[in-house]
Amino acid sequence: MTSSDPPVPSRPRSATIILPPAPPPPPTAARAAASSTVKPPENRDAPAPVAPNLAATPVPGEPTVTLTIDGETIEVRKGTNVLEAAKLLGRDICHFCYHPGLTIAANCRQCLVEVEKNPKLQPSCQQIVGEGMVVHTESPAVLEARRAMLEFTLKNHPIDCPICDKAGECTLQRHYMDHNHHLTRVDVAKIRKPKHKDIGREIVLDAERCILCSRCVRFCEEIPGTGELAMTFRGDHEILDIAEGHPLDNAYSINVVDICPVGALTSKDFRFAIRAWELKATPTTCQGCATGCAVELHHKHENAYRVMPRHDPAVNGHWMCDEGRYTYKELDADARIRHARVDGQQVPLDHAIAAVAKRLQGRNKKVAAVFSGTSTNESNRALDDLATMLGAERFVLGRPPGKTDELLRDADKNANMRGAIAAAGAAKHEGELGLELAGRAYDAVIFLDGTFELSEVVRSALGAITSVCLSDRVTALAQACAIVLPATSWGESLGTTINRQGRLRVLQPAWRPEGDRRDRADLIREIALALGERDLGSGRDRARAIAEEFDHDGLRQLTTTPAATRPTLLRFSHSRG
Amino acid sequence: MAQRVLEFLQRERPLALAETGSHVGDEIAVVHREHLVEVLTLLRDHEQMRMNMLSDLTVVDYLGQTPRFEVVYQLYSIPHKHRLRVKVLVDETPGECWVPTATGLWYAANWAEREAWDLYGVRFEGHPDLRRILMYEEFVGHPLRKDYPQNGRQPLIRRPDAPPTDDQTTRLMPDSHDRRVS
Amino acid sequence: MSAPTTLPSARPVAHTIAETYDHRGRQAGEMPLSPSMQQFADEAERLPTDELILNMGPSHPAMHGTVRCVLRVDGETIKDADVQIGYLHRGFEKESEAATYTQIFPYVDRLNYVSPMLNNVGFAMAVEKLLGITAQIPERAEYIRVIVGELARVADHLTCLSAAISELGGLTVFFWGNRAREHVWELLEDVSGARMTHSYCRIGGVAWDLTRDFDEKCRGKIAKIRGLVVDIRKLVERNRIFLDRMEGVGCISAHDAISYGFTGPCLRACGVAYDVRKDHPYSVYDHFDFDVPIADGGDNLARYLVRIEEMEQSLRIVEQALVQIPPGAVIVDDPLIALPAKREVYNSIEGMIAHFKHIMDGLVVPAGEAYSFTEGGNGELGFYIVADGTGRPYKNRCRPPCFYITAALRQMILGANLADVVPIFGSINMIGGECDR
Numbered sequence: 001m002t003s004s005d006p007p008v009p010s011r012p013r014s015a016t017i018i019l020p021p022a023p024p025p026p027p028t029a030a031r032a033a034a035s036s037t038v039k040p041p042e043n044r045d046a047p048a049p050v051a052p053n054l055a056a057t058p059v060p061g062e063p064t065v066t067l068t069i070d071g072e073t074i075e076v077r078k079g080t081n082v083l084e085a086a087k088l089l090g091r092d093i094c095h096f097c098y099h100p101g102l103t104i105a106a107n108c109r110q111c112l113v114e115v116e117k118n119p120k121l122q123p124s125c126q127q128i129v130g131e132g133m134v135v136h137t138e139s140p141a142v143l144e145a146r147r148a149m150l151e152f153t154l155k156n157h158p159i160d161c162p163i164c165d166k167a168g169e170c171t172l173q174r175h176y177m178d179h180n181h182h183l184t185r186v187d188v189a190k191i192r193k194p195k196h197k198d199i200g201r202e203i204v205l206d207a208e209r210c211i212l213c214s215r216c217v218r219f220c221e222e223i224p225g226t227g228e229l230a231m232t233f234r235g236d237h238e239i240l241d242i243a244e245g246h247p248l249d250n251a252y253s254i255n256v257v258d259i260c261p262v263g264a265l266t267s268k269d270f271r272f273a274i275r276a277w278e279l280k281a282t283p284t285t286c287q288g289c290a291t292g293c294a295v296e297l298h299h300k301h302e303n304a305y306r307v308m309p310r311h312d313p314a315v316n317g318h319w320m321c322d323e324g325r326y327t328y329k330e331l332d333a334d335a336r337i338r339h340a341r342v343d344g345q346q347v348p349l350d351h352a353i354a355a356v357a358k359r360l361q362g363r364n365k366k367v368a369a370v371f372s373g374t375s376t377n378e379s380n381r382a383l384d385d386l387a388t389m390l391g392a393e394r395f396v397l398g399r400p401p402g403k404t405d406e407l408l409r410d411a412d413k414n415a416n417m418r419g420a421i422a423a424a425g426a427a428k429h430e431g432e433l434g435l436e437l438a439g440r441a442y443d444a445v446i447f448l449d450g451t452f453e454l455s456e457v458v459r460s461a462l463g464a465i466t467s468v469c470l471s472d473r474v475t476a477l478a479q480a481c482a483i484v485l486p487a488t489s490w491g492e493s494l495g496t497t498i499n500r501q502g503r504l505r506v507l508q509p510a511w512r513p514e515g516d517r518r519d520r521a522d523l524i525r526e527i528a529l530a531l532g533e534r535d536l537g538s539g540r541d542r543a544r545a546i547a548e549e550f551d552h553d554g555l556r557q558l559t560t561t562p563a564a565t566r567p568t569l570l571r572f573s574h575s576r577g
Numbered sequence: 001m002a003q004r005v006l007e008f009l010q011r012e013r014p015l016a017l018a019e020t021g022s023h024v025g026d027e028i029a030v031v032h033r034e035h036l037v038e039v040l041t042l043l044r045d046h047e048q049m050r051m052n053m054l055s056d057l058t059v060v061d062y063l064g065q066t067p068r069f070e071v072v073y074q075l076y077s078i079p080h081k082h083r084l085r086v087k088v089l090v091d092e093t094p095g096e097c098w099v100p101t102a103t104g105l106w107y108a109a110n111w112a113e114r115e116a117w118d119l120y121g122v123r124f125e126g127h128p129d130l131r132r133i134l135m136y137e138e139f140v141g142h143p144l145r146k147d148y149p150q151n152g153r154q155p156l157i158r159r160p161d162a163p164p165t166d167d168q169t170t171r172l173m174p175d176s177h178d179r180r181v182s
Numbered sequence: 001m002s003a004p005t006t007l008p009s010a011r012p013v014a015h016t017i018a019e020t021y022d023h024r025g026r027q028a029g030e031m032p033l034s035p036s037m038q039q040f041a042d043e044a045e046r047l048p049t050d051e052l053i054l055n056m057g058p059s060h061p062a063m064h065g066t067v068r069c070v071l072r073v074d075g076e077t078i079k080d081a082d083v084q085i086g087y088l089h090r091g092f093e094k095e096s097e098a099a100t101y102t103q104i105f106p107y108v109d110r111l112n113y114v115s116p117m118l119n120n121v122g123f124a125m126a127v128e129k130l131l132g133i134t135a136q137i138p139e140r141a142e143y144i145r146v147i148v149g150e151l152a153r154v155a156d157h158l159t160c161l162s163a164a165i166s167e168l169g170g171l172t173v174f175f176w177g178n179r180a181r182e183h184v185w186e187l188l189e190d191v192s193g194a195r196m197t198h199s200y201c202r203i204g205g206v207a208w209d210l211t212r213d214f215d216e217k218c219r220g221k222i223a224k225i226r227g228l229v230v231d232i233r234k235l236v237e238r239n240r241i242f243l244d245r246m247e248g249v250g251c252i253s254a255h256d257a258i259s260y261g262f263t264g265p266c267l268r269a270c271g272v273a274y275d276v277r278k279d280h281p282y283s284v285y286d287h288f289d290f291d292v293p294i295a296d297g298g299d300n301l302a303r304y305l306v307r308i309e310e311m312e313q314s315l316r317i318v319e320q321a322l323v324q325i326p327p328g329a330v331i332v333d334d335p336l337i338a339l340p341a342k343r344e345v346y347n348s349i350e351g352m353i354a355h356f357k358h359i360m361d362g363l364v365v366p367a368g369e370a371y372s373f374t375e376g377g378n379g380e381l382g383f384y385i386v387a388d389g390t391g392r393p394y395k396n397r398c399r400p401p402c403f404y405i406t407a408a409l410r411q412m413i414l415g416a417n418l419a420d421v422v423p424i425f426g427s428i429n430m431i432g433g434e435c436d437r
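Residue numbers (the numbering used here), protein chains in the order written: chain A, 1 to 577; chain B, 1 to 182; chain C, 1 to 437.
Honestly, the hints are just simulated from the structure, not real lab data. Note that the structure is predicted; figures quoted are calculated from it, not measured. A couple of the hints might just be wrong.
[Said to hold, decoys possible] Here are the computed distance ranges between Cβ atoms for each label pair:
id : chain 1 : residue 1 : chain 2 : residue 2 : range
1  : C       : D334      : A       : P140      : 16 to 26 Å
2  : B       : L156      : C       : P61       : 26 to 36 Å
3  : C       : K342      : A       : E144      : 21 to 31 Å
4  : B       : G25       : C       : R72       : 40 to 50 Å
5  : A       : K300      : C       : Q136      : 34 to 44 Å
6  : A       : S139      : C       : K342      : 32 to 42 Å
7  : A       : W277      : C       : Q136      : 51 to 61 Å
8  : B       : P128      : C       : Q38       : 39 to 49 Å
9  : C       : E189      : A       : G235      : 51 to 61 Å
10 : A       : A335      : C       : A194      : 38 to 48 Å
11 : A       : G132      : C       : P281      : 54 to 64 Å
12 : B       : G104      : A       : A545      : 46 to 56 Å
13 : B       : D161      : C       : V70       : 16 to 26 Å
14 : A       : E244      : C       : A194      : 52 to 62 Å
[Stated by the list, open to error] From the structure, some residues in chain A lie toward chain C, with a derived Cβ separation under 10 Å:
id : residue
15 : H157
16 : G168
17 : H181
Note that beta-carbon positions come from the ideal geometry of N, C-alpha and C, so glycine has one too.
Work out the full structure: start from the sequences and follow the hints.
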């Protein structure tokens, strides 16, 4: 391949891997208010960032700085660092300790660049941009510095790749292949440090693998503010450690696993579960509470393995809480309901729909429709339409409130209570539902979800009346109901929820539903058709309508393009291929 | 040596060329569809070109870009020993997903175009017998397209005289969720 | 339908290659029929007949490689044919899009599975062209590739000829040809560990070096193979049945052959002198002194002659390569392309990471496209690879030489007898794995 060849005809050779699009802008406050008849209790914004805002994109109205990087001149926001400025030019300077969500430490020395008029190489994460600065990121001195720094970092690194969780998504592996790729020059025994040490409720520490970047130390100090981790000792013996009797126990501890560039900190829950390159990442929303953090669901075929946060400056920044991470367990394959059941018998779906219609038919039937704060807007609105057709009494149920804090955890553990309330309009409360069911006030009840926790008395009352449950997993309520229709879980639905800020949050399906599982809106559509009523439209149509209502570009694209052509995230973001 | 071919084309049919280039020693010419047969005929018949062999004909699917498909012809001249890669860009919309056939120029195009149709769904207008060649007739979809999944399943072919079975899976709502049936 | 107006003579006639037979195998200057026989023939011509649709189905002892020919026959003459392939389509291209470049070698083995080393070399060269390291392949690796490649070519031609002739009824040739092929496979098994699906090449060279006794063994086996080939030739080339069934049967003109995209022995049997090794020398083929046999006629016999002579030329190349091969490395010395030594992998983190990323991510090939062609067993074996900058190809197209040759099968059998289909099909060496991929 000679350099004098003209380049390939300019048709860009785009890879099948496309980086995720920027998060969509939030809906305006006016529209958000119009879609809910109940005033949201609080409007908590994303946690204030601790680190200085280092984003390099120039903001109109703010001062900018012009500098030259590798011969290209660029104008960036004043106050940003050279590393972020280089990102704007598409240049990814390798680094370990820098993280845009944390303060700058500049201790890894991997991001060194050459700045003219400066005798020594400067860490680009710490070097704030100056007017007229000239930076070289690929000069021989810089390349040698990178190579040498990696050599030092690798000198004591244990040969753990085959047993290390991080293999495949490890920054050290990636930088080695890109910037060093030479064999070792030393033949000295590596230093030994504590391995697989249990340092907390969720985390296992392997001190040998630690490259001492201190991201986790800074995280624990700045984000939850608990500061359990610290670097102790010096030189070759420096290790990451906790204080005796003070384990790593905060509610955001698993974030340190994400930010650790190597496999030093691993999650007890995820350890050895699966290899990172086998996973696909689908961008979706956490359903753990009303905050609605932007997350990626990591899955292989039809099984979910973990949840990781996506960067969303308006909602959750770079982080998510540990409780939210555990929501992937709700998608467990063993508990899934794949086929409909009528009176305990498994039947084909159309039989079950027909049975529902038959039992709901009749002039004097008193029906209760129970909306769910854990289901999507599309499902709730569909139930609203059905309730109107049946003249049903509306109730809204959800999960009981839980722990809250100043950061990301909301007391309301329902991802879409606002959307459910908005769809239901004027509704009665949970307590009344229990009494009325026990008192046989209704002939039929439709539960949008199977996760409501109703008392034994109420559940036993369900056997006598027509009870329909649209459930995605086996629960006590689903087993108590006469008819169970298999619904999709949040991992398989295309839908939306409204979070505590009134923003529209989007759920993207990670895999196609198995068996007879269908979207709740689609099941309700079929029930309506079986009752002889009008066609309510599919769940996808409703999602498209919601996209128009909220002017949400991302959702609009999701609902109009077929699944195959939508860009997917890299399977794991540190991959080279 | 193949640089000569590109220079010749640029001299003789500049309007037909969308762009030209080379990569790792291979010469590439992207041609407009309306001029394709003209250019191919010229390449085959002209004294200086004599590209008497259609070495290969295939399609590349750049899903996500417009136009989506690239129909690639590898041409070779036995007397002059030079090669050229000719490409035509084709969009995926049903009215646009076609290319004029080269069966009038080389016999090799007959089966090669059948294969391109079978695997990618690009029509070749004027082909005497455009049907599937590698896949069976009842196959649904075009398997080498990027949106055909790796582990794609096909509908079972039921014999016309076979009785209907009473299996649990229903065909209740074929469009409700994203089934990628191309 | 018309009955033959003359019957072949009952007396045995000495045959030489120089004598020509017409399309129906009738010898020039045959005796006319006796009056009673002539009457019989005239009556036969007036009998009402119909055409028959006959299926030479994919499951057929002679349709090796699984091909289906739907024939419309009028008596014994083929009026029309529909050659249907695809029974061995395994989705090679689709699978390659999900595999790393090194993982594709086993797939490539199974393309032309009677000469897998040639496929290995072809694919490796295509990726090396994209990487731009064609000039950096160590010379020893190039020589090894040539040796195993030419041995594979010998195996390919032996397979074709033994199968083709056994279908004519010459079962002895099948046994002798297989014996010769066993010699080749034993050699290749020593080198790669497998008799047929070697996966021996790597991007940048070959997987490991030849065995220490390879030179000696190879020379011994070449002598044995030569002996068997000589025996086969003696048995076959003056045999009247063989010549009757092969000469003048399955003719195709040079112009048609080129238009169909013929390459390799089938094209050289039409008199066209095109061999990738001579016309566009690659690897170290320009270091050797070898000839390329060309035959005229474009019929089965010409194809047979080209193949049998090519085997001798391949053995010549192997002998010269065994003399010329230099010592040295067998794979390019670039840690981004070749796997590190196992000693490094198990004892240093750098080697471990390099091995890990090579296997898991694959060998990163910069974005671009290339069409690389080599002389496979059946002709120009091309690989058109589109790379997207990752470790897996975006598109990996194999240009199968026998696909284009099989496309011409219909033309070659039209007008021939039903019994001629088998020798014609046998002589084009259609390998299902390559044709259908």
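So, against the hints stated earlier in the document, which numbers end up violated here? Result: hint 7 breaks, nothing else.
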